[in-house]
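Dock chain B against the given chain A, drawing on the hints supplied.
First to last, the sequence lines map onto chains A and B.
No gaps in the numbering here: position 255 of the first sequence is 1210 in the working numbering, and each next residue is one more.
No gaps in the numbering here: position 252 of the second sequence is 1207 in the working numbering, and each next residue is one more.
Simulated from the structure, these hints should not be mistaken for lab results.
Treat the hints with care, since some could be wrong.
No copy is singled out in the list; a pair is fine if it fits within one copy or between any two copies.
[Claimed, not checked] Here are the computed lysine to any residue pairs in the SDA-like style, where the Cα-Cα straight-line distance is at most 25 Å: (1) K1287 - V1209; (2) K1287 - G1219; (3) K1287 - G1191; (4) K1287 - L1328; (5) K1287 - L1087; (6) K1287 - P1211; (7) K1287 - G1111; (8) K1287 - E1144; (9) K1287 - R1221; (10) K1287 - A1236; (11) K1287 - Q1192; (12) K1287 - D1330; (13) K1287 - G1190.
Protein chains: 2
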Amino acid sequence: MQMPSGVHALVRRTHEERVLRALQENGAMSRGEIARIVGLSRTTLSEITASLLQRGAIVIVDTDASRREGSGRPAERLALDPASAQFMGVDFGHRRVHVVVADASHEIMASGATRYDDTTPWQERTALALALVERLTAEAGVHYGALQGIGIGVPGPYPAPEGRSWPRATPSGTVLRPAPEGVDVAFAERFDAPVIVDNNTRLAALAEAISGTDSVADLVYVRLSDGVGGGLVVGGQLVTGSSGLAGELGHVTVDPAGRPCRCGKRGCLETVASVPAILAACWEFGLPLENLRDLADAVARAHPVADRVLREAAGVLGRVVGAATMTLNPAKVVIGGEITQLAPVIVDQVAATLGADLFPTASAAPVVEAARLSDDDGAIGALAAVFHNSPLLARYPETADVKGGAGARDSTTEGAAHVRP
Amino acid sequence: MQMPSGVHALVRRTHEERVLRALQENGAMSRGEIARIVGLSRTTLSEITASLLQRGAIVIVDTDASRREGSGRPAERLALDPASAQFMGVDFGHRRVHVVVADASHEIMASGATRYDDTTPWQERTALALALVERLTAEAGVHYGALQGIGIGVPGPYPAPEGRSWPRATPSGTVLRPAPEGVDVAFAERFDAPVIVDNNTRLAALAEAISGTDSVADLVYVRLSDGVGGGLVVGGQLVTGSSGLAGELGHVTVDPAGRPCRCGKRGCLETVASVPAILAACWEFGLPLENLRDLADAVARAHPVADRVLREAAGVLGRVVGAATMTLNPAKVVIGGEITQLAPVIVDQVAATLGADLFPTASAAPVVEAARLSDDDGAIGALAAVFHNSPLLARYPETADVKGGAGARDSTTEGAAHVRP
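The following block holds chain A by itself, in its conformation from the complex (with noise of 0.2 Å):
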């Protein structure tokens, strides 16, 4: 086949940047991972991280001595230089704001969080979150000089739906705030950096996919909480839907008769498996539970209606989610919450309600497990997604324009906290 001039050129380039986005997205790793991640062989891989290393655009942290089982040589483990670049997760929950700041080489530098009430309005939130954040220059020396991006993860669908008519007030009264306008333009205003805002669900779903070492690029992702949430990656994207409802797994109708759902349907899954659901039918079976402590008690000591109740809710959330392993094919299924850690029944009766759902052979069957995160971790979620979507690679030194030369590698994270000129 004919090569026009310039092709290898470009072929270099795209390797080379494949070698940074896989380093950006995984954070620190050993020439070894890097080969198997970005399918280059080891000689190809070793000239690009070569050069790589010479332009400074990537050092050396550390060996992977540490990590490592067994015996053997230990890897040196390459990332981007870490001071070259920050990122920054915000997630708002209900009634607290939680913010973590991280390196180019995925290290965590600082954390914080701030309460407020669930009836605090957005403009409020977004002041308190960003005072936050300027707290935590004063208490850890960050001072986001090098700011990549910002991910920021909010409850509730994002973008909001047109006309912002859902989600509707609750039975109770409650009335769902629809996503914040303005909280993306004030953070972007402030430091002059891409955002990224999403459902906080969602962006779990990403932390989901991507941790530990077998990130997986085919996810189902479910929370059940005081609703039931979910989210999706699929080849290796975050799904938003064409109006920002992608993954409401929660209302998907499992019985057209059923209870009437917050939503404005009948018999949405949430109406079966989200935890005022579940307490409340194990009230009508008799057994009086006020909270997710209660349940906890209940499960401790194997109270039958407690292990009914739960199996039937996951039987239901099995069969939802088999519907949607059939649609969507993922490797994985993830089931989050606090109420999954305290009742294992839920994950291992979805597992079997699910793998009846499925075509009778196991090279289809996902893995179906417990949430990695907690609750808490919304912040690592929006971290995930600007780790997934920053522009840095569209600005990383080109041959013609190295920047540090080797004195690079001996950058540390403390490089980092410098102030903006």
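Relative to the frame of chain A, chain B by itself:
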């Protein structure tokens, strides 16, 4: 924000790539259409297109006078130089193979079909397809000298699940063949061009998503025929899933106690909404129909049994599509298969059932419509896959590597039929 040197060139290159990608994916368009799709101002776009025209990467193919409604000055339509690339779509059905060849402006240059028996082995089907391709050279003068990519659609899941134990034998003993190995290699070796192979129902989903001027990024496609197949487009990309099974809506369980399905489960959607299932249900209710033509007659006579059976099957289909819609939030749901053309009640009933299963807001409801492309248009789907995935863009002329120049503007589709050097 500090801008490293070279960043302006990178920004321009990014803009150019977006323009070229839009033209590759959509074929010829006016500057106004391009500006809308890539999100650039008319001024910036004009600079970009002027540079690309000057370098011969794109050409003016015609004006939109013939397509334009109302008055106003006709706009020039721009396209990748038609002679710069050819794309081939190949659709293997159970009893025939279709081939179409298009140029870079998406005009069909040649097409043809060859029949075979449904017991014909894959090796022979591949040979017949390659012979058909040669015949197009003789009959239509197409020489594949600038072939950029080949899309191949095959029946059944692709890639085939591990162990190839799916699909199983049907109750009547027919064994469905797994997707072929070797067909991709045979085409790649013959043409020295990249080959994309995928399930042909999935490729049809992509073709529906990008058909017409109202292309959508998120689509759920389901096709009713001897079985029930499906395909998903999410965020503009075709979804494969972790083991090639994404989009198998026909095997979502709708009744765990239902009829045995050829996949080995019970009560799959396919046992209710496939053409054989619908015909069998008509028999059960006293309306003996042999085939789709009989069903079309019954529908034309408004036979109450046919109407009831179709509504019930479509209602079940609507619930499955409703769950998929809550999961994926698509902009459009497309129901394919000849039966949907014969019985419009199917699409109407799916839309009604689906509507009841969604959030009670209009903004979240997808358009539901019958497929635009027929079952015989599979090769168009295969072409769509290469338009979206061709490596052409990595090789378009850089500023330093001008080819063709202004003279290339006069190229026509005939110019593409040159012999490989």
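Results for each hint:
1. K1287 - V1209: This pair counts as both: shortest intra-copy Cα distance 22 Å, inter-copy 23 Å.
2. K1287 - G1219: For K1287 and G1219, the Cα distance is within 25 Å only across copies (23 Å; inside one copy 31 Å).
3. K1287 - G1191: both (12 Å within a copy, 22 Å between copies)
4. K1287 - L1328: within (15 Å within a copy, 34 Å between copies)
5. K1287 - L1087: Close neither inside one copy (35 Å) nor across copies (43 Å); limit 25 Å.
6. K1287 - P1211: between (29 Å within a copy, 23 Å between copies)
7. K1287 - G1111: Classified as both: same-chain Cα gap 24 Å, cross-chain 23 Å, threshold 25 Å.
8. K1287 - E1144: Neither: 38 Å inside a chain and 36 Å across chains, both beyond 25 Å.
9. K1287 - R1221: between (29 Å within a copy, 24 Å between copies)
10. K1287 - A1236: Answer is neither; intra-copy 29 Å and inter-copy 37 Å both fail.
11. K1287 - Q1192: both (14 Å within a copy, 20 Å between copies)
12. K1287 - D1330: This pair counts as within: shortest intra-copy Cα distance 19 Å, inter-copy 33 Å.
13. K1287 - G1190: both (12 Å within a copy, 20 Å between copies)
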